[in-house]
Amino acid sequence: MMSVRSLLVSSVVSLVAATGALAADAHYTLDPAKSTLEYQFTQAGALNKGKFTRYTVSLDVAGDTPSKLDVVIDMASLDTGDKERDDALKSADLFSAAKFPQSRFTSAQITKTANGYDAVGKLTIRGVAKDVHVPFTFRPADGSLMGKVTLKRLDFGVGQGDWKATDQVGNDVAVTYALKLVAAAH
Amino acid sequence: MSIRNTPTRWGHGAQFLHWLIVVLIITQVILANWAEGLPIGPKKIEVYAWHKSVGITILCLAVLRLLWRWANSTPELPTTLKPYERALAKVTHFGLYLLLFAQPLTGWMMTSARGFPVSWFGFLQLPDFVPKNQALYNAMKETHDTLALVLYVIVFLHIAAALKHHFLLKDDVLRRMLPFTKKS
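Chains as they are written, first to last, in my numbering: chain A, 8 to 193; chain B, 116 to 299.
Bear in mind the hints are in silico, worked out from the structure with no lab data behind them.
Possibly wrong hints are sitting among the right ones.
[Stated by the list, open to error] Ranges between beta-carbon positions, derived for each pair:
| hint | chain 1 | residue 1 | chain 2 | residue 2 | range |
| --- | --- | --- | --- | --- | --- |
| 1 | A | V135 | B | P242 | 31 to 39 Å |
| 2 | B | K205 | A | A185 | 54 to 62 Å |
| 3 | A | T60 | B | T189 | 56 to 64 Å |
| 4 | A | D81 | B | L153 | 24 to 32 Å |
| 5 | A | A181 | B | L278 | 50 to 58 Å |
| 6 | A | K56 | B | L153 | 19 to 27 Å |
| 7 | B | R184 | A | A105 | 30 to 38 Å |
| 8 | B | L153 | A | V135 | 40 to 48 Å |
Remember, predicted model here, so these are calculated numbers, not experimental data.
Backbone N, C-alpha and C fix where the C-beta goes; we use that ideal spot for every residue, glycine too.
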């Protein structure tokens, strides 16, 4: 049976640990109005752009070091500025947005790099999960999280049938994020 | 025969530009109709990309052709033409030159207004002619399609006139635009 003394000690230890966590850890969420999540792709030899308008971001920060990043994107919110093209992108042979309504990145580990951080984790698009590196910079002072990652659409099966060809619609898609995060209350 | 025009004959330069543009315009009509009938997919994107690249090529050749025309003498029309025939010839030729510019430019505006940038054969991405604007796209598409019909009519008149000169009037108006023919 646990003595009164050891119970007291462990309680104090937990309390200190909890207080420490409160003081040093922070949880950030997205300010959508001040954030952009865009992508560039090649179509017919020319660079085209698009964006997502609905997505959530959650970032855990321990001290001032990001420890966990989680991003969920509503694929129906993809917007390339052309309805016909957006509908084609959401169709079964491309993002299949009805069947796979969300894409998600969840970091397994975040390490410090020369310029910022590198989040490695599973990115799931169109039901296919791949380990990817997501580089980013983060400034706790203003909550800005920025970076760019280039993905290959065919790695995730985005492009079935005729869309597997990459001469007209390139395989590389550069995703750029300029996010504004705000510290959430615990 | 020389590269440059003479008072009685089109030179190799003018003939080359004329017939090259003829081939390219026929190509454009084929590509446009082919692309329009395709379902949305990489093939449609590709065929439209060719159409846009050839269109920009025609625009450049049209500039070159106009400069060449100004830098050369223009062969005279036969003196036997009636004033209204002379006027009709002027109007159709002016219309053809105008369309050589108007078709590529309305096409370029149309694709820019739609928000699809143009790459010239994958080598060079052109600047967007106009900002993205759905209403402008609709207007330009309408214009581009209508001008294509106008072009068919003027080309029909142009060919009919050339054949009339050759077979009915038996003058050298057609022959002087044909390569490999001797002046009669």
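key: Structure versus earlier hints, numbers of those that do not hold, lowest first   = As far as the earlier hints go, 7, 8 are violated by this structure, in ascending order.
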